[in-house]
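Chemist: Turn these sequences into a full structure, and let the hints steer you where they fit.
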Amino acid sequence: MYRAVTRNIEVLVRPFYLEDRSDPSENRYVWGYQVTIDNRSDEFVQLLSRYWHITDGRGRVEEVRGAGVVGDQPELNPGDSYQYTSGCPLSTPSGIMVGHYTMRNGRGETFDIAIPAFSLDMPGTRRTVN
1 MYRAVTRNIE VLVRPFYLED RSDPSENRYV WGYQVTIDNR SDEFVQLLSR YWHITDGRGR
61 VEEVRGAGVV GDQPELNPGD SYQYTSGCPL STPSGIMVGH YTMRNGRGET FDIAIPAFSL
121 DMPGTRRTVN
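Here the sequence shown is numbered in UniProt numbering, starting from 1 and rising by one per residue.
Calculated directly from the structure, the hints in this document are not laboratory data.
Here the structure is a predicted model, which is why all the values come from computation and not from measurement.
Check before you lean on any hint, since a few could be wrong.
Restraint ranges, calculated between C-beta atoms of paired labels, are given here [as the list claims (entries may be wrong)]:
no., residue 1, residue 2, range
1, R107, D20, 42 to 52 Å
2, D23, P78, 42 to 52 Å
3, R58, N105, 36 to 46 Å
Where is the CB? At the ideal position from N, CA and C, for every residue including glycine.
Modeler: Okay, structure coming up:
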């Protein structure tokens, strides 16, 4: 489990390898990742957008930006949690993802919260996240 906290909003990520969707003979490796966002602050927030910086095992970078997560722009009152699962294909057996969510509070202020860097490792391989 990987963890980051920004402005008392905690982001937890649990990546997992999807062997049934992967085909190493075709250089196709697929991971799922489950994200939990806990609003431990004392204010209402809404997730507006996401940014991912994905680096594969060869150092190639892909950047992904988009509205919300999995088609949703969740609203979280103080104490609320939101959880979703998504996925990431790579052409290498390992990689690293990191990013941020852009949030808006009840006063209309926007700010970014960190998504912790996490490693994507095919079982039997291990890469260190710095």
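Chemist: Report the numbers of all earlier hints that the structure fails to satisfy, in ascending order.
Modeler: Result: no hint breaks.
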